[in-house]
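A.B. asks: Starting from the known structure of chain Z, fit chain L onto it as the hints suggest.
Spelled out from the first residue to the last, the chains are:
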Amino acid sequence: MSDGERPPDAERQPDAERQPGEVRSEVSVHKGQAPEREGVTRAQQAKEPAAALGPGQFTAQMREWGTSFERRFPWWSRAVATVLIVFAILLPFLFTQTSGFLNATIISLAYVVMALGLNIVVGFAGLLDLGYVAFYALGAYSVGWFGSGFFFNEHIHVGASHIQNTLPGIHLNFLLIVICAVVIAALAGIIIGLPTLRLRSDYIAIVTLAFGEIVRVFAINGQSIQLGGGQTLTAGNLGIPAVDLPYFPVIGSFNLLKLRPWYWLILALMFVVLFVNLRLRDSRLGRAWVALREDEVAAVSMGIPAVRTKLLAYAIGATFGGISGAFLGAYFTTVNAGQFAFSFSIFVLAMIIVGGLGSIWGAVLGALLLSYTNYYLIPDVFNDIPTKIGLNFNLTQLSFGIFGFLLVLVMVLRPQGLFPERRRRLELTGEVAAEDAQLVESQTAV
Amino acid sequence: MPAVAVRPLAAIRKWIGRWGLIVALLALPVYYGIRDLVHGYSSGFVNGHAVINHDLTQLGFNLVSGVSNGSIWALIAMGYTLVYGIIELINFAHGDVFMIGSFVAVGIYASFGLTATTGAFGLIGGLLVTLIVSMLVCGSLNVLIERVAYRPLRGAPKLAPLITAVGFSFILQNVGLLWKGGSPVGVPDLINQNKTVFKISGVIIHRADVLAIAVTVPLVFALTWFIGRTRAGRAMRATAQDPEAARLMGINVNSTISLTFLLGGMLAGAAGLVYALYETNVWYFQGFEAGLIAFTAAVMGGIGNVRGAVLGGIIIGCIQQLSDSRLGPQWTPAVVFGYLILVMVLRPRGLLGEETREAG
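Just so you know, the protein sequences line up as chains Z and L, in that order.
If you're matching positions, the first sequence starts at -12 in my numbering and goes up one per residue.
If you're matching positions, the second sequence starts at 18 in my numbering and goes up one per residue.
Looking at chain Z on its own, in the form it has when it is part of the complex (with noise of 0.2 Å):
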């Protein structure tokens, strides 16, 4: 894929501008300011000129934000922008409200969020994990447990329904579950990341993945964990039944049948994640962790703080996790111990690697691609076409082989990925690649 067919983003931004920034943010390590306080210094910067100096300043720093903004997105790029955020939102009125396209379509969005997750903790800081699923299990269970009528001792409902508040259980608002799930899911990022710390990359990924088969035998097995009024931990593989559907104040609640809003409500969530994305991977801390998955040691004697940029990242991953987790357990409904296997996480690192990893944009792709084909395009489209061309056999069948021969045929294709990382195609096109190929190709004339 050439330059000039790549979809607008930061990168973009000319490396004349980026120089002040990194000065700055070198100069400050060696201050030792911790690096997630850069947000508030600037805001400071922001707001501090205005009040002492006066309104010329202040229209003087606003014009310069805008020309910055302006030569980081020129207008053909906001405009194709533009025009992709509203046909993302004006999409669904292309389908009826219960089409398969449109099911298939929401799941994508969640597997988006997901990806964009992983790819921070794998893409953007180098740790290999293989137990993401963990995280989208704590979040499908925050819904379970705080919006469901599974803990039927107790009593509690904020921001419910009418409906809803006449049941017992725990029943909060779909927003405040979320946050539930962001804080839980960051917790167990923080835990899982821990043991991982003096760990190389590949004993990082059995670790991980140790945490996420405990996880799931916990859940698995959660029903004979008694917590007391015969109240159990997890339903186990019956499932926690009859989730509380989203409901919001003026909206309404939600409903199955009708499956825009909750398109909109996946749409919304993933452009919060998507910004919050693009923004951490400019901001110091994203350096931060392009440095430590580059190079550890040089990383750490710059004065990166080691320790805490991976459990930062751990966390941040986890909480993208749980977020997209909370969402699908109420699109589902129910909450079952079956639904988080180790496979799980498999796919969600097939979505980025096949995207481009480190790549945000080739998240997005690897995430859409890749759920598209497994919900829709195998069990909807390519299902008939034995029957057209007149076999008899169910294509269901092979599903699980054709999607190992596409993720086998797009990695021998591209093995870089559909979109690579900048900093990456970089590399493979400079002198280190170039040195790299050398060996490969002799060792193949061998």
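In short, the hints are calculated from the structure, not lab data.
Misleading hints may appear alongside valid ones.
[Claimed, not checked] One-sided and incomplete, this derived list gives chain L residues near chain Z with beta-carbon spacing under 7 Å:
no.: 1; residue: Pro169
no.: 2; residue: Leu170
no.: 3; residue: Ala173
no.: 4; residue: Ala177
no.: 5; residue: Ile188
no.: 6; residue: Gln190
no.: 7; residue: Met361
Note that the structure is predicted; figures quoted are calculated from it, not measured.
We put the beta carbon where it would ideally sit given N, CA and C, even for glycine.
C.D. replies: Using the frame of chain Z, we list chain L on its own:
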């Protein structure tokens, strides 16, 4: 004062660093051994009354079946560790190669007409032929997968072959699904696996245990001999250490890597036959589960180290048996993975692991 407070902490840390791992590994058998001796365990019912024994027989039985079960994991784990050692790839398709090995072995001895009533001589001969054929089939399958899915990706980003491995794992699982259907299929119990061979102070040793150990031990010795003593084995070690320097020394890196995959696949094929006779059922998902356990074993022993893989496999087999019989099989994965995390925290390079080359 920090100086005062730190010193005992440092001593504790040093102690944990030296003894923590041993204490952690022995904790489970010692705890259950003491519990058996003090509280006793029920070994069956006589006239409606539970018979309570106060000895270590049950613990011994757990450990024996742990070792024999673990030797199957060891065979698979060696394949993981060989491949990881040479190209630093977690070969997710390996467990499914093992599953195909089981299916092939079952198919072959069924076509030989071997049944539980075949005479001892015919049985052993037939099983030996089956073993060799299924080893060759799995070895070639593994080489083929390497050729198609991993070789084109040499020099690509490190995680790209991981995804083709996952892709092949899915493809092989689908093949297994179409071959034997979606649920476990019973296979004839050729060796009468529950028959007692001998007893050591009350601990019964079954035929299945003897079979697993009798297949694994020679293969482990053959493999260590091959890697340590032959020219090709030396080429493998050289390639694992530094592929570029190995190439400069005139080693054909590609064929050495193919050889590694061949050996790994052959071990998986042997494990496939033993597993089919040991468990007396096969199904398409067995490869995935066994692959996960064997990979854990390889990592626990120190990935890239063949002896470590064997040790890891046997330790995990014992943990599994102890947990199966005391805590219930539904908790076993959590116990195994909990142990893995403990080992990783106490010894980040695995039990016998050493520094491996960072992938460039």
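A.B. asks: Each hint should be assessed against the structure and marked as holding or not.
C.D. replies: Hints, one by one, checked against the model:
no. : hint   : verdict
1   : Pro169 : holds, 5 Å
2   : Leu170 : holds, 5 Å
3   : Ala173 : holds, 3 Å
4   : Ala177 : holds, 5 Å
5   : Ile188 : holds, 4 Å
6   : Gln190 : holds, 6 Å
7   : Met361 : holds, 5 Å
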